[in-house]
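A.B. asks: The listed protein sequences derive, respectively, from chains F and P.
Take the first sequence: its letters are residues 0 to 317, numbered as in numbering that gives the first Met the number 0.
Take the second sequence: its letters are residues 0 to 397, numbered as in numbering that gives the first Met the number 0.
Please note that the accuracy of each hint is not assured.
To be verified - Calculated cross-link-like contacts (lysine-lysine; reagent style DSBU-like; alpha-carbon spacing at most 30 Å):
#, chain 1, residue 1, chain 2, residue 2
1, P, 208, F, 206
2, F, 25, P, 272
3, F, 312, P, 208
4, P, 125, F, 312
5, F, 312, P, 380
6, P, 208, P, 12
What the hints assert, rightly or not - To give an idea of the chain P side of the interface with chain F (calculated C-beta under 8 Å), a few residues:
#, residue
7, 3
8, 214
9, 274
10, 277
11, 281
12, 282
13, 287
14, 302
15, 312
16, 318
17, 321
18, 330
19, 355
20, 363
21, 367
22, 373
The hints are simulated quantities; they were obtained by calculation from the structure and are not laboratory data.
Keep in mind it's a predicted model, so treat the numbers as computed, not measured.
By construction, the Cβ of each residue, glycine as well, lies at the ideal position given by its N, Cα and C atoms.
One letter stands for each residue in the lines below.
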Amino acid sequence: MAQAALPKSSLTVTSAPFWHCGRTLKGMMTDTLIALTPAMAMAVYQYGYHAVEVLAWAGLAAVLAEALAQKIMAREYTADDYTALVGGLLFAFMLPATTPGWLVCIGSALTILLGRMVFGGYGMSPVCAPAVGWCVMTISWPDLIDINGMLLNWDLVHPLSELKYFGLEAVAGLSLPSLMLGQNLGALGAEQSLMLLLGGAYLIARKQLRWYIPVSFLLGVFLTAQLYHLIDPQRYAPPLFHLFTGGTMLAAFFLMPYPSASPVWRTAMLLYGLFGGAVLIIIRTYGIYPDGMAFAVLLANMFTPLFDLIQPKPFGGR
Amino acid sequence: MMKPQLHTSVEIKDTLREAPLPSLVRIPIEPLHKPVVKKKQLVSCGQVIAENPAKGPHGTGYVHATIDGMVEDILPQAIVIGPPPAPKEGEEPPVFERPEPMADIDTYKGEALCRLLLELGIDTGKFRPSRTLVINGLNPEPGVIVSELLLKEAKPILERGVELLERAIRPATVYLVVAEDKKTSLYSCTVVTSTDRYPHTIDPLVVHKATGAERPDDVDVISISDLYRVGRVGQTKLPLVEAIVTVGDGVYRVATGMPVRELLDATDTPHGKGWQVALDGPMRGEPLCDLSVGVPENCTAITVVQEGLFPQVGPNPCFNCGECVLACPAGIQPGMLSRFVEFDLVEETRSRHIAACLDCGMCAYVCPANRPMLQYLRLAKQQLAAKDAQLAECRLSD
Ligand code: SF4
Ligand code: SF4
Numbered sequence: 000m001a002q003a004a005l006p007k008s009s010l011t012v013t014s015a016p017f018w019h020c021g022r023t024l025k026g027m028m029t030d031t032l033i034a035l036t037p038a039m040a041m042a043v044y045q046y047g048y049h050a051v052e053v054l055a056w057a058g059l060a061a062v063l064a065e066a067l068a069q070k071i072m073a074r075e076y077t078a079d080d081y082t083a084l085v086g087g088l089l090f091a092f093m094l095p096a097t098t099p100g101w102l103v104c105i106g107s108a109l110t111i112l113l114g115r116m117v118f119g120g121y122g123m124s125p126v127c128a129p130a131v132g133w134c135v136m137t138i139s140w141p142d143l144i145d146i147n148g149m150l151l152n153w154d155l156v157h158p159l160s161e162l163k164y165f166g167l168e169a170v171a172g173l174s175l176p177s178l179m180l181g182q183n184l185g186a187l188g189a190e191q192s193l194m195l196l197l198g199g200a201y202l203i204a205r206k207q208l209r210w211y212i213p214v215s216f217l218l219g220v221f222l223t224a225q226l227y228h229l230i231d232p233q234r235y236a237p238p239l240f241h242l243f244t245g246g247t248m249l250a251a252f253f254l255m256p257y258p259s260a261s262p263v264w265r266t267a268m269l270l271y272g273l274f275g276g277a278v279l280i281i282i283r284t285y286g287i288y289p290d291g292m293a294f295a296v297l298l299a300n301m302f303t304p305l306f307d308l309i310q311p312k313p314f315g316g317r
Numbered sequence: 000m001m002k003p004q005l006h007t008s009v010e011i012k013d014t015l016r017e018a019p020l021p022s023l024v025r026i027p028i029e030p031l032h033k034p035v036v037k038k039k040q041l042v043s044c045g046q047v048i049a050e051n052p053a054k055g056p057h058g059t060g061y062v063h064a065t066i067d068g069m070v071e072d073i074l075p076q077a078i079v080i081g082p083p084p085a086p087k088e089g090e091e092p093p094v095f096e097r098p099e100p101m102a103d104i105d106t107y108k109g110e111a112l113c114r115l116l117l118e119l120g121i122d123t124g125k126f127r128p129s130r131t132l133v134i135n136g137l138n139p140e141p142g143v144i145v146s147e148l149l150l151k152e153a154k155p156i157l158e159r160g161v162e163l164l165e166r167a168i169r170p171a172t173v174y175l176v177v178a179e180d181k182k183t184s185l186y187s188c189t190v191v192t193s194t195d196r197y198p199h200t201i202d203p204l205v206v207h208k209a210t211g212a213e214r215p216d217d218v219d220v221i222s223i224s225d226l227y228r229v230g231r232v233g234q235t236k237l238p239l240v241e242a243i244v245t246v247g248d249g250v251y252r253v254a255t256g257m258p259v260r261e262l263l264d265a266t267d268t269p270h271g272k273g274w275q276v277a278l279d280g281p282m283r284g285e286p287l288c289d290l291s292v293g294v295p296e297n298c299t300a301i302t303v304v305q306e307g308l309f310p311q312v313g314p315n316p317c318f319n320c321g322e323c324v325l326a327c328p329a330g331i332q333p334g335m336l337s338r339f340v341e342f343d344l345v346e347e348t349r350s351r352h353i354a355a356c357l358d359c360g361m362c363a364y365v366c367p368a369n370r371p372m373l374q375y376l377r378l379a380k381q382q383l384a385a386k387d388a389q390l391a392e393c394r395l396s397d
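With these hints in hand, go ahead and build the complete structure from the sequences.
C.D. replies: Quick look at the structure:
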């Protein structure tokens, strides 16, 4: 009614700028969902109904946990920007496909609550939420989300565990295409290296993601792995192996660039990526976990404020 | 949703078009202007209607009537001139005596010429003697094509402008900054080419391009529109009564004070419910809530934007994506600054270089959270300035 009372010629008044580049948070998340689709499809192809179940529980629990937290905090609901859904799915990507439903729900809810809502909401947290969820799970229920233990029904090997416990010969027989297509045992989505790479390329092409962090991260992984490989080719896996196994691609395109947990200046982003990549290989080489990708991401997150000190001089500043 | 272009340079195919002469104008005046006409007084085009009481050669110009007519109202922001009353039975229609051209304008120089220009309606505040002068020949904003059109279509007038300025202020060096693919030169200017991508077209960045210095204190920068006004006065030897305004794809010569609504109607530009209208370009323009406002003489464009074409701005939280940081030509962190403003910690923004902000609006343009970034930043700058002013006053009264 109030509308009808206005004179016919009334204008819409907002303030400058009147143009906008058109990118929105919702648009970014929609594109991220599209980018995750090929990997999800491959996961379902490989693990069938198990994968569907894990993905569905994770997505649902994340959205509900966010809504609940927002109700308690008396905030507006933001489920329609899909950030919670994406967060839940990314968390699910790091689980084995047979994780029990209750555990997926707890983990996904904790991803949202501990990784995000305690800091004030999406984009406030200094850490990558899905990585937080995974770390909490790994420490609390190590057996239930152990890739090898949970996927005994599949007569395949988990490349990184093989490498860790049986040395380089054990994985020498795995071909690069099989690694890229996720034909080995692994986390549900994280192992779909090629599909995640495609998804990441899509995000970059759609200008939803800057290349700085993914490229420098992959470069960091490559260089560090190459260095180890040069030191002792008998003991350390070649760089391509590391690039296409475990969560490398997931970390490069979806976890490392997590908006609030990564630096904002160009140089800082490049260094952050390189650092994260190096840490990943170091953890894989010396750590007690076969992958530990999420730890590398969190560790890099911790250094974000330091990297962000590398700033340009403000215009006209002295 | 559409993806707008940030490149400002265009190929000019059109010529300068003439907008019809309005029957009523609202000529904007500034608080410092002293009206010298009375209500109901008949005025002729070119007659002084408000003066700048200051005596110096550098300052805001006088205001002149831009049509023949009768003063209808004198408001704090504008003087309204309407059509003269119809002559009564047996009376002669009023005769309007327009001012004579200043035939001897070319005998003036230095401060006397500046003063003369000021009295003819030019803002001479920017013309300070013996400094480097940069002429910003880039279109100021995307979609605003006045500068390049004038460079192509009104070169003699611009050269006349440079000539007058050289006589008035004897600048050390005159640079002309133009887009990379534009082969133009003016009179004796040193031509510098620059990218035409907004925000690189704004004055401080153009100065940087031309002189290599960031915010130097001995450089003045003027736009092609500024230069055109000087040249136009030099050419006609008459007071300034027009503005050159981009509307849609065309550039029009408009009587200063022509109501925006009339200009939009005359150029068949849609407006009304569901449209936003602003003076000047789409990035920094001033929004209008009333279309009867008169076009100011330094207006470069009327921007109209349909509602719904772009995502709606709202008080959304910043999620630290850092896009604004990458887009900011000033090398500061707009997202961080805006959050300080949001939480009423304006004082904190000082040490984070808010003073470097160039007010270009790029941060708001790229923000995927659609935050009103420019407003946060302007609010902070305004509050800080107010605080400083208060502080200075306290010190003085001590
Ligand atoms: S308006 Fe925004 S983008 Fe432009 S200089 Fe200021 S802070 Fe930077
Ligand atoms: S672009 Fe917007 S959401 Fe992103 S950091 Fe800047 S203010 Fe925050």
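A.B. asks: Could you run down the list of hints and mark each one as holding or not?
C.D. replies: Verification of the hints:
1. About 28 Å separates the Cα atoms of residue 208 of chain P and residue 206 of chain F, which keeps this hinted pair within 30 Å; it holds.
2. For a cut-off of 30 Å, the pair hint linking residue 25 of chain F to residue 272 of chain P stands: about 27 Å separates their Cα positions.
3. Between residue 312 of chain F and residue 208 of chain P, the direct Cα distance comes to roughly 17 Å. Compliance with the 30 Å bound is thereby established for this hinted pair.
4. The suggested pairing of residue 125 of chain P with residue 312 of chain F holds, with an alpha-carbon distance near 28 Å, which does not exceed 30 Å.
5. At most 30 Å may separate the alpha-carbon atoms for a hinted pair to count; residue 312 of chain F and residue 380 of chain P meet this at roughly 20 Å.
6. At roughly 28 Å between alpha-carbon atoms, residue 208 of chain P and residue 12 of chain P fall within 30 Å of each other, so this suggested pair holds.
7. Interface restraint check: residue 3 of chain P against chain F, minimum CB-CB distance 5 Å, threshold 8 Å, status holds.
8. Among the interface hints, the one on residue 214 of chain P holds; its C-beta lies about 4 Å from the nearest C-beta in chain F, closer than the 8 Å criterion.
9. Contact between residue 274 of chain P and chain F, as hinted, is supported at the beta carbon level, the nearest pair being about 6 Å apart and thus within 8 Å.
10. Contact between residue 277 of chain P and chain F, as hinted, is supported at the beta carbon level, the nearest pair being about 6 Å apart and thus within 8 Å.
11. Interface restraint check for residue 281 of chain P: the shortest CB-CB distance to chain F comes to about 4 Å, inside 8 Å, so the restraint holds.
12. Hint status for residue 282 of chain P: holds, given a least beta-carbon distance of 4 Å to chain F, under 8 Å.
13. Contact between residue 287 of chain P and chain F, as hinted, is supported at the beta carbon level, the nearest pair being about 7 Å apart and thus within 8 Å.
14. Annotation: residue 302 of chain P was flagged as interfacial toward chain F, and the flag holds, the nearest CB pair being 6 Å apart, inside 8 Å.
15. Residue-level restraint check for residue 312 of chain P holds (minimum Cβ-Cβ distance to chain F is 6 Å; threshold 8 Å).
16. The beta carbon of residue 318 of chain P comes within 2 Å of a beta carbon in chain F, closer than 8 Å, and the hint placing it at the interface holds.
17. For residue 321 of chain P, the interface hint holds, the least distance from its beta-carbon to any beta-carbon of chain F being 3 Å, beneath 8 Å.
18. Below 8 Å, beta-carbon pairs count as interface contacts, and residue 330 of chain P has one with chain F at about 4 Å; its hint therefore holds.
19. Satisfaction of the interface hint for residue 355 of chain P is found here, the shortest Cβ-Cβ separation to chain F being roughly 4 Å, below the 8 Å cut-off.
20. The interface hint given for residue 363 of chain P is met, as the beta carbon of that residue sits about 5 Å from the closest beta carbon of chain F, less than 8 Å.
21. Hint on residue 367 of chain P holds. Least Cβ distance to chain F is approximately 4 Å, under the 8 Å limit.
22. Hint status for residue 373 of chain P relative to chain F: holds, with the closest Cβ pair at about 6 Å, below 8 Å.
In terms of the numbered hints stated before, the structure departs from none.
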